[in-house]
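So the protein lines, in turn, are chains C and B. Each residue of the first sequence is one higher than the last, beginning at 1 in the numbering used here. Each residue of the second sequence is one higher than the last, beginning at 1 in the numbering used here.
Just so you know, these hints were derived from the structure itself, not from any lab. Where hints are given, some of them may not hold.
As the list claims (entries may be wrong) - Covered stretches of chain C, going by a simulated chain B footprint (3 or more residues, C-beta under 8 Å): (1) 55–64; (2) 74–80; (3) 105–111.
Everything numeric in this text was worked out from a predicted model, so none of it was measured. Backbone N, C-alpha and C fix where the C-beta goes; we use that ideal spot for every residue, glycine too.
Spelled out from the first residue to the last, the chains are:
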Amino acid sequence: MASELIAAAEPQTESMATRQAYGDALVALGETYPEVVALDADLAVSTQSIKFGKQFPERFFNIGAAEANMMSISTGLAASGKVPYASTFAIFATSRSYDQVRLGIAHNELKVRIGASHGGVSLGEDGASHQMIEDIALMRAMPKMQVIVPADYNQAYTAVIESYERFDGPMYMRFGRPKTPVVYSEIPETLGTGVDVLREGKDISIFTCGHMVWRGLEAAETLEREDGVEAEVVNVSIIKPIDSQSVLRSLAKTGVAVTAEEHRVVGGLGDAIRQVAAEQHPVPVFALGMQDEFGVSGTAEACMEHFGLTASGIADLAREALLKKPIVQHPPIQGGPWS
Amino acid sequence: MAHLKPVPDPTPEPPSKAGGKPSVAELNRYATVLRIQCVRMLAVAKSGHLDSSLSAADIVAALYYRVLRHDPSNPKWPERDRFVLSKGHAAPIQYAALAEHGYFPAEDLMGLRQIGSHLQGHPDMTRTPGIEVSTGSLGQGLSMSVGICLAMRLDELSDISQVFTVMSDGDCQEGESWEGAMSAAHFGLSNLTAIVDYNHLQTDGTTEEVMDTGDVRAKFEAFGWDAVEIDGHDMDAIVESLERSRTIDRPAAIVCQTKKGRGVSFMEDRFGFHGKPPSAEQAEQAMEELEATYKEQTKSLEGGA
Numbered sequence: 001m002a003s004e005l006i007a008a009a010e011p012q013t014e015s016m017a018t019r020q021a022y023g024d025a026l027v028a029l030g031e032t033y034p035e036v037v038a039l040d041a042d043l044a045v046s047t048q049s050i051k052f053g054k055q056f057p058e059r060f061f062n063i064g065a066a067e068a069n070m071m072s073i074s075t076g077l078a079a080s081g082k083v084p085y086a087s088t089f090a091i092f093a094t095s096r097s098y099d100q101v102r103l104g105i106a107h108n109e110l111k112v113r114i115g116a117s118h119g120g121v122s123l124g125e126d127g128a129s130h131q132m133i134e135d136i137a138l139m140r141a142m143p144k145m146q147v148i149v150p151a152d153y154n155q156a157y158t159a160v161i162e163s164y165e166r167f168d169g170p171m172y173m174r175f176g177r178p179k180t181p182v183v184y185s186e187i188p189e190t191l192g193t194g195v196d197v198l199r200e201g202k203d204i205s206i207f208t209c210g211h212m213v214w215r216g217l218e219a220a221e222t223l224e225r226e227d228g229v230e231a232e233v234v235n236v237s238i239i240k241p242i243d244s245q246s247v248l249r250s251l252a253k254t255g256v257a258v259t260a261e262e263h264r265v266v267g268g269l270g271d272a273i274r275q276v277a278a279e280q281h282p283v284p285v286f287a288l289g290m291q292d293e294f295g296v297s298g299t300a301e302a303c304m305e306h307f308g309l310t311a312s313g314i315a316d317l318a319r320e321a322l323l324k325k326p327i328v329q330h331p332p333i334q335g336g337p338w339s
Numbered sequence: 001m002a003h004l005k006p007v008p009d010p011t012p013e014p015p016s017k018a019g020g021k022p023s024v025a026e027l028n029r030y031a032t033v034l035r036i037q038c039v040r041m042l043a044v045a046k047s048g049h050l051d052s053s054l055s056a057a058d059i060v061a062a063l064y065y066r067v068l069r070h071d072p073s074n075p076k077w078p079e080r081d082r083f084v085l086s087k088g089h090a091a092p093i094q095y096a097a098l099a100e101h102g103y104f105p106a107e108d109l110m111g112l113r114q115i116g117s118h119l120q121g122h123p124d125m126t127r128t129p130g131i132e133v134s135t136g137s138l139g140q141g142l143s144m145s146v147g148i149c150l151a152m153r154l155d156e157l158s159d160i161s162q163v164f165t166v167m168s169d170g171d172c173q174e175g176e177s178w179e180g181a182m183s184a185a186h187f188g189l190s191n192l193t194a195i196v197d198y199n200h201l202q203t204d205g206t207t208e209e210v211m212d213t214g215d216v217r218a219k220f221e222a223f224g225w226d227a228v229e230i231d232g233h234d235m236d237a238i239v240e241s242l243e244r245s246r247t248i249d250r251p252a253a254i255v256c257q258t259k260k261g262r263g264v265s266f267m268e269d270r271f272g273f274h275g276k277p278p279s280a281e282q283a284e285q286a287m288e289e290l291e292a293t294y295k296e297q298t299k300s301l302e303g304g305a
């Protein structure tokens, strides 16, 4: 069924926000599966859950500005056989309602999908109070919670469709506010293992997620053109549970890596990769992301630039990393807990 | 050790006065049985919230023995009424009721709070049959119940099944409870009953000293609920208000004035027992008192038959 829904969808060829895919795919799920319900906390236009709400008003619940309540209501719905898609900004879906998500949804391993839009600093003008830069860390730390960060509209569409059929248990999905360039020219058939090599290279691995994926591809172009460096660009859409074998394959090939994410350098994609590297193939891994700082107001693009979350930021870090690349490469350690 | 004596067998049952359902006098005795089980469990576990369990014993007995439509042989019966213990720390009283109804073997009760037991410190839906949702972090139970009611509405069960949620004074201090109350009224949930076991004592002192919740009944009413206040140890009033709540066309709150540690003289309405298990001596004394109550209740039931 998931494959039919994906095949039937129209791929985007222009820049489009990943949250749009959430709204569109949710409608497709609603048409196919009567158990699907959607909730929002007074942000239905922003999260795009409004599309589902218009189509299926009896299965859509606007809880108002009460995110904790929304998560516990989702728990009750899921415990009664429904599959809730609880939608709000990333900041309210995680830090504001962590306890409700933790005990109600994660602990009970309920099939609730948290559709978190406006992740990261590219939320822009609203500033630090709304820019969530530690959600991936919070949700990775939560037992049983799966964490998905799609790269563009087309992959986000696949993620939402697959979230119903392919995955059990609780899931956190991070979407973004601004339009994002196309990374996948088609709507991918599947997320696969969640670790996708978009561009092969032998000199350095660039692990990216979300809005940083297209920037990673751009950085690789620059590195090739200006430095003659063959960078491998890897999109990690399933950050937890991470496919360590695929990560390891790239690390073993290149021997050095940078990670790039619109998130704190603590607890997110960078640490997920470093965990794999430290245990199985200790090579240098440098993380690009938010340092010990909060976001600021500005346009999406200005915010990204302010914090160095750009293609040139990735390229610069990669050049630094290449200077520290060990000359002798050791084979990966086998048989660790990650294998 | 007196507290390890087997629980008195509540059979044979005297003829019922409520058309096959247990009478109020019988319910009072069932409440004593549940209290005895709680003392035994806590004495063995040496951990848990005995006084909070005892204050809710009459409410829980009325629900499980008379009001709830449930089938212990089929805990997932779709048309069942739901019981949600928002004050999850009173888990022992629910465990006792579930065991007495055969949801799991009574000997499991002695594993409370121990490694390898399915009876966790707070209710766990993934481990224990008969638990609808996991609770224990105060304030979440009412919101979860709203979600259950919304699912029932989609499944066209709203006119059949009632959701009963037992809350505490602590629950009423959590903001989320009032978010839940607001949404229950907004969605017009006519099959939701919130029962507040208002025992006036919490961990750090009396509720009035720590954080006075004010008039809880009036608060529910202000949120658009039907709200009544009763003596939470008056079995007649409990049964009547629970049954009445089924007939109301909006969410119904029953604020029960209760005493913490009810049924055990040295604990009743006394500060300092919250979260403290009884010592061996205290458990023995509590068992003696409760067994005496049980005998008295049996005698009057036989006399009245």
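Report holds or violated for chain B covering the stretch 55–64 of chain C, Cβ cut-off 8 Å, minimum 3 residues.
-> Result for this restraint: holds, n = 5.
Go check the stretch 74–80 of chain C versus chain B for me, would you? Three or more residues, Cβ under 8 Å, otherwise it fails.
-> holds (count 7)
Would you say the stretch 105–111 of chain C counts as covered by chain B, given the rule of at least 3 residues with C-beta under 8 Å?
-> holds (count 3)
In summary, this structure violates none of the numbered hints.
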